[in-house]
Amino acid sequence: MRYLIEHETVLEYPHTVREHHIELRLSPRSDGHQKVLSSVIETDPPSELSTYHDYFGNRADYFCVIPPHRTLITRLRSEVETLKENPFSFDPVPPAEEREWLNKELGANPALYDFILHRSLLTPAIDKLAEVIETAIPKRDGTRPMLESLLELQAWVSSQLEYRPGSTEVHGSLVTSVRQGGGVCQEFAHLFITVVRAWNIPARYVMGYLDPGISSTLETTLATHAWAEVLVPGAGWIGFDATHNLLANDHYVAVAIGRDSYDAAPQRGSFKGDSAGEQPEVTVTMQEIS
Amino acid sequence: MYNAGMSSSKPRTPYHEFYADDFMPRDHYRLLWDHIKATGNNALEAKAHESQLALQAEGVTFTVYGESEEGIERIWPFDLIPRIITAPEWTKIEAGLKQRVRALNLFLGDLYGEQKIIKDGVIPPELIYQGRDFRREIVGIVPPRGIYTHISGIDIIRDEQGEFLILEDNLRTPSGVSYMIENRVIERRILPEFFNKYRVRRVEHYPSLLLAALRSLSPRGKDTAEIVVLTPGIYNSAYFEHTFLAKEMGVELAEGRDMVTINDIVYLKTTTGLQRIDVIYRRIDDDFLDPLVFRSDSSLGVAGVINAWRAGNVAIVNAPGSGIADDKAVYPYVPDIIRYYLGQEPVLNNVPTYQMTNVKDREYVFDNMERMVIKAVSESGGYGMLMGPSSTPALRKEFMGLVQENPRNYIAQPVVYLSRHVCYMDGELEARHLDLRPYVIYGDDIEVVPGGLTRVALRKGSLVVNSSQGGGSKDTWVLAE
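So the sequences go chain by chain: Z and U.
The number in the working numbering is simply the position in the first sequence, starting from 1, with 9 added.
The number in the working numbering is simply the position in the second sequence, starting from 1, with 283 added.
Only chain U is shown next, with the shape it has when bound in the complex (with noise of 0.2 angstroms):
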């Protein structure tokens, strides 16, 4: 097991943000508490409705999928009581992702080159050749100055002793930054006031930093780029943010039959013809990127695209093969990864993780699997999970059982009681567990947009976020010192 340290005597009662004591909010809340006193629960459902009202009419949707094969749009669940962040706070997050980001890229540069971490004995090389993201087909090909994952979105929690630690990795196309923009407009507009007693930094500004980045990639160099966000269509969970984000920069929105390969070289049809493509900024997964190379029966991709990137014609962004580094097999290893590449202890801490190829761990997990919480490596969006707390005999044997037939495709962690928030919920104010995604982009340098996307379980006692699964939002405010 790597990084223990959890051990079962530490309390069991999670951190609240808001609240100190029973009776008094933190400092950096009292503001905002005197006046929800002072204006009472009136002016608080105003203010919802406000919210609601604002979010339909600008259209600000995702899509769950249920039993349907058609997904059901529906208006993105926001909570008006931001949640906050202090500079001190926010210095650590920005180190540790900084440092994170930064060792995981030259951890990818690695596999995909000499895999000097394998032969110096520090990643099994199991771990990376049964991994199903380690794409062969790219091995050898160097991305522009060696970067794999422009845009990383990182899950952090707050542990029971309000520790910040690293929950998961986004790697491959990580979603939900256009919500971390939209909650701020939003924000802005029913809470006008806060934002002048409040010194709360900006986030409006990611699609520019973002741009920036994008342009930076062009092989005709950044003043001559085009640029296209290439999206699976409508029927994908994220498709409002990738119209959003295309909008946003003022770039051409995608799909892959609107693209062609020729000899090496990818364009856009438009209706005065072919138009060279320099930047992709791809929002579908390696395996439907291209069917030559990748899976041949997609149809979302485009064909012969993985050759124009190897011949150094096009850019695509997030780089193809990243996934390996978020595999969550991989994840227990980022520790010893940071060590390896930047001899530096890391800043925020991984949640502890049970590798279920240990035969001890396993049967240590299996033994306590109420107090677990199960993740198939490859699966993102709270599918492939078991949590323990609220799990039948029946399903936890389902998992005992798939666990057992592939050991490498399972981790386990265990649970931890993520940090509450007061939320505004139907006219009363309630505890809700949260999480926090910002979003680090790495252009010229690494930069952490001051923020992210606070994903809130909605359900009492869930700890649940997932948008895909119930889970809403807040605005997330960082101060300035």
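Next up, chain Z with everything else stripped away, as it sits in the complex (with noise of 0.2 angstroms):
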């Protein structure tokens, strides 16, 4: 599939702010799995923007606007194309050597181990949880394929919480949403990775967009999505959209990955001035073009 995708946010202050730097990750990613085809990024005020590939890989532009001013509106527009149309296919791994696949993985790249042993606010420790979780967290057993236990895992987790738009705060604590039992995706994506991460599995955030059409949430207005990628042995990094029970396919466009929502922010910035907490406006649009 092919996507056009234009993601714009609004930052207005009602005082004038200064040395207003800003770090944007909105560029979508280029992997296995999709190919950026062009991406652009303008800012007004007009700025030069630089850029670089953090240590998760995601592409960062950042920019600074030094004179006072009141309003900053950052404008992306990227044309994607997605390849995955069947997260399935994949010569899977016997569940008996699935372990000694992740083992060398990690072995190799030691990287992945923030992917199984970062703990914070976001993605807690799994005791943290179960004081909360009425219902038993479910348990891997090895002897099954891993895919399967995922995928239940994936049903489960979307029983647990209901999408509440607007709920929660973004880089909010999980176990207090987990608690009033909502969330919307962020939550599910924390979720589903704190337990994929108690299984000693490798598992990280993707912040990206997801093709309106296929989109179950009530939400009014198309933001940035939600998603988690476990490595499976076998398959390589697969995308689970607890939010809607769904694996990730060429529907899904992959920007920004991290151990949680805090590393993938789309938008982070640091600026002189008042500030009374102001919200970016943020209005995205996603069409498939040919």
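There are no misleading hints in this set.
Short, incomplete list of chain U residues facing chain Z, as computed with Cβ under 7 angstroms: (1) Pro408; (2) Tyr412; (3) Arg419; (4) Asn590.
Incomplete in silico selection of chain U near chain Z, CB under 10 angstroms: (5) Arg540; (6) Asn546; (7) Ala594.
Think of the hints as simulated: they come from the structure by calculation, not from any bench.
No residue lacks a Cβ here, since even glycine has one placed at the ideal position from N, Cα and C.
Two independent chains are provided; combine them into the complex using the hints.
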């Protein structure tokens, strides 16, 4: 599939701010599952962007607006081709050899340990979750194929939380959301990741876009979506969208990955001047093109 | 347990730096001893008084933080009787420190690069990936010549047998060097006759060594290097030192708000406009260095400075990310780190250390808590620490809980009875425990300044030398051959 994605973020301040530094993780990733055909970022006021790839391989675009201003707008326009039609098409590794497969990957690339070991408010230790969840947290049965266990877990996660638009704060505590029984895509992804990590399997957070034709959530305005990726023996990274209880396929466009949503935040900034905790106004459109 | 080798059958009497036995000083203290005996306590009292006046006049202070939020500024506590290190002793210390700093810098380059040491199974991945000071934000950036720790302050103690051991590596923003110099200035003034009798090696050139090392890092070449000392401000406990070093080197002292990054270039805001900065000697922690990258609530740092560093437009000293190498949970592995990168045996040993992630070690420590020091791995300055011998049962229980909650966050060491030295305390010569922090500069080559800060636990019997916890200091004389 080919998509045209436009993502506009408007920041407005009641008083002027200055020395404003912004780092964006907005441009889709190029990897085996998708090809970025074009990606252009513009800012208003116009600025000179510099680009680098961060620790997680995300493209980061960085700029600053030094003089006083009250409005700052960033616009992304990107064309992406997605390739992963069927996430189930891979040669599975027999269950008895799955652990060995993972250990080999971890040995060759120690950075993967982050996706097992990382704990934060967003992806807490499993016993913190156990205190607020009434049903038993699924256990991993090592004699069954890992993908089966993960699909069951995904179904369990989607039954644990109710989708409540605007119910949570960005980067809020997962334990709080679970206690309240609701959240948005980010909480579904974090809950799924938290259990997979307790199983000693690498799981990472993905921020990206989902074809609005697929989305069943009640959001009236499209924004970014979030799901999880798990390193599945024989397959590599497979995307699990616990919000929709679906595996990610070519309707998904991945932008940034990380240990949790904080690493993959689309925009972070720092400025001088008074702030009243302004929320950015985000408009996203995603349309299929030929 | 690493570097095991300390058995309970060894003597528990601390080594005395000054006395060989009850009656006689060690050879290298003989001259000083004869003089003290000949002139008597009145002369010492006069000199102690003189040193106090000099410290006050020079404004040599440090700040203690207690129960009140605002620190209290105190006159730097100084004991006039010098600590003397012989040339052969120093030769070994110097070799050990150079070896250690070389290996730790190779380690940092590897951690933020290929991570061969993890892939080869020498360092467990958990140690790094669960370390608070492993900075993912700087992976892939190679600092000039691969040097991370341009300034290291390495704490050395002397065990009961008189062997020098490494207690702690300080690779972030080690402080105290200004006091090393001030102590020498005062000592020269009050004991001038001894600087003729003893051939004491100089330490006063430290600021010029530091300046040369900073200049050598300038992206625009050392001749046009514009340098600042970046301080968190007047409330920092080491503010005296920040002003001291800036003044001695003849460079600007700046706070984060005095600087701005524009399109990957860092500038100082001056009365005549923006001035480009090449080298930042920062005395603030990584966490506060750049609100765009690290803690977003920091107002002490300079937004965009990490991207400027990545672009190669500014040098940051010490390099961000250095803290993972002085994480106390990494410390037990330093002998292996030296073997791995240099293929050498360590010249100076570690203090035996128990890792709380190891169940057997942990149980042993819990059974012997009165004989242990338990330390939080990311704390310094004597904070977050349990001193077993002087601890209460309630405190021991509290620490047991803390360790169980987060074992990666703690290590334990058997209490080492730090060596003692005579100090002039209220009219008497009394023995007090002490340690030594020499300073290592890694510029074109690695240089150890012959001397260091000798810190003294002023309270009788105390083993805590940190100035934040009531420690004092002595001038440290390293003798020429």
